[in-house]
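Asks: So you can see what is in the structure, the chains are spelled out below.
4 protein chains.
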Amino acid sequence: MTIRPLPRYLVQRYHGWHATTYADNSAWYRRLADEGQRPRAMVISCCDSRVHVTSIFGADTGEFFIHRNIANLVPPYAPDGEQHGTSAAVEYAVRELHVSHLIVMGHSQCGGIAGCHAMCSGQAPELDEATSFVGRWMDILRPGYERVAGLPPEEQIPALEQVAVRVSLENLLTFPFIAAAVEARELSLHGLLHDIRNGQLTMIGEDGHFVPV
Amino acid sequence: MTIRPLPRYLVQRYHGWHATTYADNSAWYRRLADEGQRPRAMVISCCDSRVHVTSIFGADTGEFFIHRNIANLVPPYAPDGEQHGTSAAVEYAVRELHVSHLIVMGHSQCGGIAGCHAMCSGQAPELDEATSFVGRWMDILRPGYERVAGLPPEEQIPALEQVAVRVSLENLLTFPFIAAAVEARELSLHGLLHDIRNGQLTMIGEDGHFVPV
Amino acid sequence: MTIRPLPRYLVQRYHGWHATTYADNSAWYRRLADEGQRPRAMVISCCDSRVHVTSIFGADTGEFFIHRNIANLVPPYAPDGEQHGTSAAVEYAVRELHVSHLIVMGHSQCGGIAGCHAMCSGQAPELDEATSFVGRWMDILRPGYERVAGLPPEEQIPALEQVAVRVSLENLLTFPFIAAAVEARELSLHGLLHDIRNGQLTMIGEDGHFVPV
Amino acid sequence: MTIRPLPRYLVQRYHGWHATTYADNSAWYRRLADEGQRPRAMVISCCDSRVHVTSIFGADTGEFFIHRNIANLVPPYAPDGEQHGTSAAVEYAVRELHVSHLIVMGHSQCGGIAGCHAMCSGQAPELDEATSFVGRWMDILRPGYERVAGLPPEEQIPALEQVAVRVSLENLLTFPFIAAAVEARELSLHGLLHDIRNGQLTMIGEDGHFVPV
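Chains as they are written, first to last, in my numbering: chain A, 10 to 222; chain B, 10 to 222; chain C, 10 to 222; chain D, 10 to 222.
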């Protein structure tokens, strides 16, 4: 049998959670189950194990609809009948759940961004192969690489982390239902960048630059 | 300007996090930044705002590499040069991070599963359209619908929530690098289902059935 | 044990508040504790979770003495030895704290007002029962219903939201110590109405009509 | 004309709020207006200008249904057809909004508690008069005074602040619909005490004593 039982330390923690967090919040969890979710915001962030948006924002259960993928990327609108998991998540959040905010949160030391930089600068030919899922996924950020290629080498990757957030936001606006919701002031878009090392959070501010929150 | 500043209540909560959780753990966050992540497990779960795996398992920062999409689905292996965000996340977790566990966690009251059921039973023609991202994404679970279509109506959706976990695990095994890692005992697969209402967690056990954890 | 510990997410947020907002303002909080409060105004508003007067007016800690009840109602003066929580709050604000302003702030989409309208128009017999606390409380607004009953149906509830503010102000003036303080120009009364949807604030102006602030 | 226009400094702050906080959150405010509120918790706290629960808990708009009265008191269940504003608020929160938590939050330096202590210990005959709204309201806490009368004088008022929270919780349980909801695990009760001077928050813990949060 290929499927294995859960490691015991996770089983123990789960039982601890059920006896404490679940027990202390069971009335709310029942309501959430019976009435459905009504999140105020969708967050698109990275799969990276070091970045948990629910912790940073002290989020209650039911507060954020969260999609996590490599490098918090959103592809451009492409209604071609293919499987687009990120586009499906965005569509569900905006058209079904009517979230009021769409937050893209990038982070420092992102392995996906570093891989994209290596690929685009010719240092990672294996990512250029058609069979590389990570490479093909990071193609979304290829146009972004052009914006940083002229910078001093040591500045390029941090700049690309910012650009990844911008490209995702730009691509979000290519979805007609997002552009319409933004136009109708039913949805607002936000761009954030989290620094793992010093904990700082910056956001795209009024003038379009990243500024400390 | 299309991009908006972050709502104030989130800014305040972030500063509260930085002054407490970050301050209390900064030594660890610095190491995570400098040495990189080393997660033991990857978790694939749903975007749903009511299901946070980090809470249920008391996860430390750096412990789980988490991909979240609609209905915790994994498509079959398809190295066709297209953009597959889920496959990219799985590839990165297994081939770059060498996680030891791959956990698929479904949940009750899943809007994606309910939509898939409606679509496959002919009650949601809008999801059948080529332009429906949610519909096309849920096509991954279409073969699973066949397994529940003969059940009494009220049992079909709960059964489909279980089947979604099984289909994802089956599809994971179509990835050669996953099959190889499982074969080499470097990776184990796990299937979980979380009930939002009563907090119960079940898993695919030794005999292949879902049993309480 | 019937009393439960506080949910963890609130505990975390509290600690965040203590490490930031409290820490940054501790000198002022100490003075407020040692010297007592000296609010300039009392505000009477609704319990509704969507209306926070401290946010709308950027209120400092110690600035507003706030009573919140269903539909921001004040009963007429009735020194009958019974328990009148609203009258007690008003008495304390005017006679002990000597507030200079008494502000009644109503709001749109008020569940209490809608209930009162249903009750008075015969559509909610359960609110007519002696045991309905909400029904008996909304009796305060029964005389106000007569003022709107002749309007076109769709105008009645918005009109009743305005009337609720007027009735409360009229009832405030039946309290001898309020009438005396107003007469002596030691206290002024204000009537406001907040629209949740568009954020607009209107007030009872010079000519007695609601006008934009 | 008795009703006065709003002071200019409040008008200015309101316009500032509308141009910033409202503008940044308008999508959410529209949803709250159109879909109605769905607060997770009701909070009963004091009118005191120095205690703002939304600040302490970083609350989002729509998160807490808040009733504020003198000394955060709840009278016993008394379906006598009279006007009970606090009972109406509690009834609306539990039976209409189905809140999952009922939080009573007391605080230090409470003028109402000090008045109750003076009245019960014979030092404030004016509060004993039938016409004193504050005195009659504080009668709710008279049984609580007996529990502290034997303590050393300087400990009595702080102890009475704790007792006020306990009495309110005990009285809440005399409401049949609250007892039933607690029994059915659809509602949980919480007792908190906030110290204005040092910012500390204590709660009634597992063993029934107040402990730091």
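Derived by calculation from the structure, the hints in this document are not laboratory data. Quick reminder that beta carbons are idealized off the backbone N, C-alpha and C, glycines included. Just so you know, not all the hints are guaranteed correct.
Examples of chain D residues toward chain A, derived with CB under 10 Å [claimed, not checked]:
no., residue
1, Arg17
2, Tyr18
3, Arg39
4, Asp69
5, His107
6, Ser130
7, Glu138
8, Thr140
Asks: Return the numbers of the hints above that this structure violates; sort them in rising order.
Replies: 1, 2, 6, 7 and 8
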